[in-house]
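In order, the protein sequence lines correspond to chains A and B. Counted the way my numbering counts, the first sequence spans residues 1 to 310. Counted the way my numbering counts, the second sequence spans residues 1 to 300.
Since the hints were derived computationally from the structure, they do not count as laboratory data. Be aware that a few hints might be false.
If the Cβ cut is set under 10 angstroms, some of the chain B residues that face chain A in the computed set are [to be verified]:
hint	residue
1	Phe73
2	Val149
3	Ala233
4	Ile293
Backbone N, C-alpha and C define an ideal beta-carbon position, used for all residues, glycine too.
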Amino acid sequence: MSAKTTTMRRCGGNERKYRWYRFQKASAPYIFILPGVVFYLMVTIVPMITGFWMSFHNWSIIRPTQPWVGLDNYRKLFADPLFWTSMKNTLVYSIGVVPLQMILALLIALLLNTGIKGRKFFRLLYYLPVITPMSIAAVIWTWIYHPNLGIFNQIVRFIGLRPQDWLGNPDWAMFSVILVAIWAGIGYRMVVYLAALQGIPRTYYEAAEIDGAGRWDAFKYITLPLLKPTTLYILVTSVISSFQVFGLVNVLTGGGPLNSTQVAVSYIFKRAFGDLQFGLAAAMSFVLFAIILAITLIQWKFLGKEVTYE
Amino acid sequence: MSAHANSSTLDSALRKQNKQGAGQSPKWGRIACRVVIYAIVILGAVMMALPFVWLILSSFKTLEETMFFPPTFFPKNPTFANFREVFERIPFARYYMNSIITSVIPTIITVTTCSMAGFGFAKYKFTGRNTLFWIILATMMVPFPATIVPLYVMVARANLINTYAGLIIIGLSSASGIFMMRQFMMTIPDELLDAARIDGAGEFRIFNEIVIPLLKPALATQSLFTFTRHWGAYVWPLICVNSDRLRTLPLAIPYFSGQYFNFQNLINAASLMAIAPVLILFIFTQRYFVEGITITGMKG
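When you get a sec, could you build the whole thing from the sequences and use the hints?
Listed below in structure tokens is the structure:
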């Protein structure tokens, strides 16, 4: 009995009913994915392409026509010292946040995975900053950093260091932003590591113990290699998101003092919505995207080689 | 290294285990190890929680007390007046309502579109499926800030700046949401769907009456992720809104703290009220968050 005759029998031998059945079965997947895919591509690919096109124009929201200027925006951009400052600051931020955050997240995950009591409670505490709206967390930290009334200087005094105007001093502002960013992001990475650690079969460790391996050996030869895909994943996503930092910086320092915390996105923002130079801002956005893409590909290439799951 | 460790016979290995089980390894070493572990974890947790604790304690302080030098930790004369005063000074209820509207509506729509798309990608073979899925995963790499300028121009062209529609329109679907729902959908056995088909159910009925009830935990996870993300949304509202009428909490709190920088007691009370819903929600639904991250490795 062929599929068709079976189905037709079910449709009571009615040819029209059968056609309708076939049609809805063939079209169903497209109808299912349509809204999700369209809504998503509408706010990603479409603006990407629009932005690329905008970057070749002297774009203004007020003027009806947008004159083509070729590579002028890019030329202007690379000649702009503030652009390079913002790129340098972004790099400093990324280097300041990503490695330390990953090491701390791994450390806490390993410790929580030793079967200590209250694991869920600790996990909850570490994750709280992740779900706190960034801009509001920044407001809270602004007060914590307050030179006279804030608790941070109290702690600093208690340890015996010199109190500072943490957000107002160009030498310390980036450090202060980095500290908040690490605080805000550890929890998420820790939970990802914890999930990966729990995915490592117990039997591996038992086998190692029978073979006489110590704890350090087990960590070095079992845990670390098996965590490699997770580490790579966290590294890539952390670097990508560190290059996009904006909300935190905007509320904590607004890019200041003296542009010491002006990062790539805050500078794009300033150019677009402060100076209304949309073409230039679009060009910057595209350069930022290219840099993120390049860094990601390099990371995959050099670190992704030996990643295996078994 | 003892002879046991060097020998690989099962017998000696078992003997070694028995020895450890009998507690002959130095006990004080293990206890010290525990103490160090707890100390590090607790110290870290204290540093994580300190800003929240200080915020909560400080929002009960009087204006005077927030000006004390050195600052006090516990409020001397705890008062609830700050919370009331926030509502009197600024249209806080309005901001709250805006945040609820711009979080709940996108959450409902996103969960619907993502679960549908996830089902489509997980349970059907169709032309262009893999290409489309690959495109969606690849565009997750596109940094959001790289699209804000053209997005602003597009939304401005559609006359949606300073409207709820403009705030909501960019959050109706998400790549990570589609991906997460697809992962969940894959766990549903095909046989179940085929059985329903043989009983004469159409594809949409199968989705509505079989798949959705089975995936309630997944829908909860996805809803929570989407809701918290929209509750904290800052960059897009900052661009899309410039009237006070439409400010959401993540915009209103920094604005308020800039306007009333001398009234730290009010800023604290407002901040606490603004973050309370997501924190409380999270405390009671931690399980779903962890499950979502475990399955996809991403924040919805």
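The hints, checked one at a time:
1. Phe73: 7 angstroms, holds
2. Val149: 5 angstroms, holds
3. Ala233: 8 angstroms, holds
4. Ile293: For isoleucine 293 of chain B, the interface hint holds, since the closest Cβ of chain A sits about 5 angstroms away, which is under 10 angstroms.
Every hint, counting from the list given before, is met by this structure.
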